[in-house]
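Novice: Residues per chain are reported as follows:
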Amino acid sequence: MSESRLFEVIFKLGGEEAVKIARQLKKMGRATEDDITKATGVNLNEVRKILFKLRSFSLVSSESVQDKNSGWLIYYWMLQPDRLESLIRSQKKRVLEKLEEKLAYEKSHDFYRCVNGPCGKIAFEEAVESFFRCPKCGGPLEHFDNTAVLEVLEREIRKLKEEMERE
Amino acid sequence: MSGKRHENLEYEILRMIKEKGQEGILQSQLWKLIKATSREGSRISMRLERAGLVERQRILHEGKWTYKLVAKKKAITVDTLIELPCGFCYLQEKCGAGNPLSPCTCPRLNQWVEREAGRKQDG
Chain L
2 MSESRLFEVI FKLGGEEAVK IARQLKKMGR ATEDDITKAT GVNLNEVRKI LFKLRSFSLV
62 SSESVQDKNS GWLIYYWMLQ PDRLESLIRS QKKRVLEKLE EKLAYEKSHD FYRCVNGPCG
122 KIAFEEAVES FFRCPKCGGP LEHFDNTAVL EVLEREIRKL KEEMERE
Chain H
14 MSGKRHENLE YEILRMIKEK GQEGILQSQL WKLIKATSRE GSRISMRLER AGLVERQRIL
74 HEGKWTYKLV AKKKAITVDT LIELPCGFCY LQEKCGAGNP LSPCTCPRLN QWVEREAGRK
134 QDG
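Those sequence lines, one after another, are chains L and H.
Positions 2 to 168 (this note's numbering) are the ones given, in order, by the first sequence.
Positions 14 to 136 (this note's numbering) are the ones given, in order, by the second sequence.
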């Protein structure tokens with residue numbers, strides 16, 4: 002997979018600062034949180050937060066080494082670009098499950114929406130409990146036709162399944 | 014040839030063949046690109062064929078018989094995943110059956126789906 006794809010995913014996970022950190026790791030090969038902070042100007046807490054997030058998606062790895070003088074553990078971080086493909090595969094599976102769960106819910110419920118605007122839709126059961134008044138603003142509720150929502154979900158599920166089959 | 018080098022080469026070859034899509038790539042061109050000997054390359058391509066990962070098509074190229082390698086599977090793409098709000102959502106671990114959050118009621122997913130549905134109706 003191309004490097005630009007890797008940074009695109011990293012951007013999605015942690016924004017511009019995550020990309021800065023990842024680029025720095027790529028340049029240095031192996032670096033401590035302090036090294037990264039000094040080189041990128043991103044504050045230490047943010048560096049840690051982003052590194053832990055990237056590690057939870059296996060895009061970076063760390064190893065701890067005990068400092069001979071202080072006895073403290075020093076963490077060295079490394080970028081793992083070769084994990085991107087397997088991350089994408091597993092994410093596709095996860096997201097597919099979520100979309101299927103959402104589709105089943107949308108298919109098995111009837112929805113109502115506030116006439117006043119963007120308060121969001123609620124299921125029939127909840128609408129009954131609030132006497133068909135919006136729980137957020139008190140406005141009247143009207144029936145919401147979710148046919149287009151079902152079509153979008155079905156389209157995305159189909160797209161993901163087709164991709165997973167041919168990749 | 015060491016096992017590790019062989020494995021890396023195999024992975025690299027498969028990746029390059031996948032990137033060429035349905036157009037495929039000539040064996041001879043591929044070996045030049047990866048700086049492998051034709052013996053090394055042929056062995057690997059035959060192994061990839063046996064594993065069902067590539068197809069070797071015998072073709073006549075500039076008066077010589079050679080093989081074109083075409084991947085049976087396409088290169089992995091990330092576009093669909095990046096567009097979806099669940100793609101790399103930071104709340105993913107807390108979302109789904111048995112968790113405090115659910116895709117059924119997730120406001121981010123709802124907004125996205127409804128926006129897409131609106132776009133579909135407008136278009």
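Please note: incorrect hints may appear among the correct ones.
To be verified - Taking lysine-lysine pairs in the DSS-like style, the calculated list, with each CA pair at most 25 angstroms apart, reads: (1) LYS108(L) to LYS107(H); (2) LYS13(L) to LYS107(H); (3) LYS54(L) to LYS107(H); (4) LYS13(L) to LYS87(H); (5) LYS33(H) to LYS160(L); (6) LYS87(H) to LYS162(L); (7) LYS31(H) to LYS87(H); (8) LYS50(L) to LYS45(H); (9) LYS85(H) to LYS94(L); (10) LYS162(L) to LYS86(H); (11) LYS77(H) to LYS87(H); (12) LYS107(H) to LYS162(L).
No lab work stands behind these hints, which were simulated from the structure alone.
Predicted model, so just to flag it, every value in this text is computed and none were measured.
Novice: Report the numbers of all earlier hints that the structure fails to satisfy, in ascending order.
Specialist: Hints 8, 11 contradicted; others consistent.
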